[in-house]
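**Q** Here are the chains, one letter per residue:
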Amino acid sequence: MILLYDGSFEGFLSLVYEVYYEKLQVSTIVKKMPGSLLFERFHEVFTDEAKARKVLEGITKQFTKEQQRTIFNIFLCDTREHEMALLEYLRIGFKNPKELRNINNAHLFYIQNLEKELLCLVHKMYGFTRFEELDDGTLYAKIETKFNIVPFLGDHFAKRLGKIPFIIHDVKRSLAFVKNDELREIRSIASFDAPTYSSDEEKFKALWKSFFKAAAVESRYNPKLQQNWVPLLYRTYMSEFHA
Amino acid sequence: MKLTIEDKLSLLAGSAKYDVSCSSSGSENNYKTGELGCTHNSGICHSFTSDGRCVSLLKVLLTNVCIYDCAYCINRVSNDTPRTAFTPRELAELTINFYKRNYIEGLFLSSGIIKNEDHTMSLLLQTLRILRHEYRFNGYIHVKLIPGASKELIEEATLLAHRVSSNIELPSSKSLALLAPDKTKEKLLSPLKHARDITMERSSKPISMSTQMIIGATSESDFEILKLSSSLYQKALLKRVYYSAYIAVNNHKHLPVPELSKPPLLREHRLYQADWLLRFYGFSYDEILSENQNLDIQFDPKTFWALSNLHLFPIDVNRAPQEILVRIPGIGIRGALKILQARRFKQLSFEDLVKLKISLKKARYFIIAGKDFHRSTSLYEEKIKLALIHQGSNIIQPTLFDTSIYTGEL
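Chains as they are written, first to last, in the working numbering: chain A, 1 to 243; chain B, 244 to 653.
Just so you know, not all the hints are guaranteed correct.
Claimed, not checked - One side of the interface only, derived from the structure: several residues of chain A facing chain B at Cβ under 8 Å:
(1) LYS31
(2) PHE131
(3) ASP135
(4) ILE164
(5) SER219
What the hints assert, rightly or not - Straight-line distance between alpha carbons at most 27 Å, and here's what the computed DSS-like set of lysine-lysine pairs gives:
(6) B/LYS428 to B/LYS478
(7) B/LYS598 to A/LYS95
(8) A/LYS142 to A/LYS224
(9) A/LYS116 to B/LYS428
(10) A/LYS116 to B/LYS478
To be clear, the hints were calculated from the coordinates, so they are not data collected in a lab.
Quick reminder that beta carbons are idealized off the backbone N, C-alpha and C, glycines included.
Model the full structure from these sequences, guided by the hints.
**A** Here's what the structure looks like:
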């Protein structure tokens, strides 16, 4: 049976509830109605707060802190086939928690690697995120990433930037982490006006570029190695890679 | 003519680039609410230059003026190059603005010797004071100790910086006398000893220190180099040794002819691999190499060691403890951990190892997994060598510069 849900975490928890209590045999989980339905049965799950809460309580009881983190982390891998693996993870955990550590199980190994991939991306973006200073002193960063890592980046930079207000804007997901004196939250951004930059911004960008150029040793020139470390995908907002 | 800040930055970053230390890993996270900057235990690379090296720190000299005349150095007094200097304040502001934009993880500050050792060290400390006290900056700072600077100044440096270091440059006194007449091994090691002793009086842990050695400018063997590194690690003088393939920037009668010499990158890479074995895999230098030997170019040091110690193989991956598993060529710490995790549930076969994405390219000649044993090549050194070479998997390009970002290791 194909299950359709709205892509939210609450939606997914509601889905888990229905799978359990209505004993559904799931073949695929989708966020969008497929174009053509051949011979398979199809069921739409509506997000239901009470159902979601119930499943969440079950998770908090049955899974260790670390495993709960894994569940949330995997859910952030939103561009990858993750729902079926996560459903299997929950099924195993509710049945036999010890089995969750068995990486010989293909689902669990997949989950372990997917989480590693997410954390690896997070780590890269800790370094590759670039802020620009706006005229009111706010630091503003645009990102486009494979997974939804705004929550990680928000926490990381909140620690680093002290009292300086900042915004991390996930352009593709229309999300932003906003932090200033009054608030610290993730919100969805429907539209965003082009900001005005501080008068120093261009100067420091230029300085950074000249530093970046001067720091390379010519006789070790190796652009292929450079590209292994910083694939083109990451370079969109990194000024040192722009002419 | 007055140089702009951009010109200064180009010159002083250009002169600092031969210092290969880039890692900012290994410092405890030191977050303080409301203050600017904190460090990250595994270190963070913020970019990679066109030579493929990681940029995580604003790596610059305070000045490229120098009264010394070291043959291999671009800034030696007898070179006719443009000279300049940052003021401590300029440098501090640059650091803060780069940090805010997340260009860098912190500052790596070195310097030529201007006027004298103590004067130079004071200027470096002045920069650090502005950063730490005025800006309340908690980001990572690595400062070079100036050999010959007084003990009080070194003590202050250990209080302000996360890491201090002093480059040994050449692996023996003889070579130093030949190429760096103003330096002796004692003079280079003494600031490290001071820093170690001062910080150990304060707490049981010495401050983390690193050094750099130039490889291939002089005639020392890899055995001598690794022996030196190993003793520096043991005496807690260093947490990390960097090896830098000699790059010709000057002509000098005691140096290799620049036209003929390319930086020995593969040798440098092998030294890093061997150094890794010393620090994380429990090898001792005399297991890796015998007296006056150089590292093998064709095989990585672990494979080379295994081929010379075939009596210890094959190793049963279902039984061996972690410290033995990591000695199998092709299996690293992560591979070993995966094996330990998986074998609690079942007896592992070759197929299981493949499913766990453990590379068997090299390992299969050295292991037993359940009933599986690689029979097509019997355990004779020459045959395994041939099999490994035939695979074409044995020549590794010198790509590793600092993999600590992925492993979280220092």
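**Q** Look at each hint and say if it fits the structure.
**A** How the hints compare with the structure:
{"no.": "1", "hint": "LYS31", "in the structure": "violated, 29 Å"}
{"no.": "2", "hint": "PHE131", "in the structure": "holds, 5 Å"}
{"no.": "3", "hint": "ASP135", "in the structure": "violated, 15 Å"}
{"no.": "4", "hint": "ILE164", "in the structure": "holds, 7 Å"}
{"no.": "5", "hint": "SER219", "in the structure": "holds, 5 Å"}
{"no.": "6", "hint": "B/LYS428 to B/LYS478", "in the structure": "holds, 16 Å"}
{"no.": "7", "hint": "B/LYS598 to A/LYS95", "in the structure": "holds, 24 Å"}
{"no.": "8", "hint": "A/LYS142 to A/LYS224", "in the structure": "holds, 26 Å"}
{"no.": "9", "hint": "A/LYS116 to B/LYS428", "in the structure": "violated, 44 Å"}
{"no.": "10", "hint": "A/LYS116 to B/LYS478", "in the structure": "violated, 36 Å"}
Violated hints for the displayed structure, listed by number in ascending order: 1, 3, 9 and 10.
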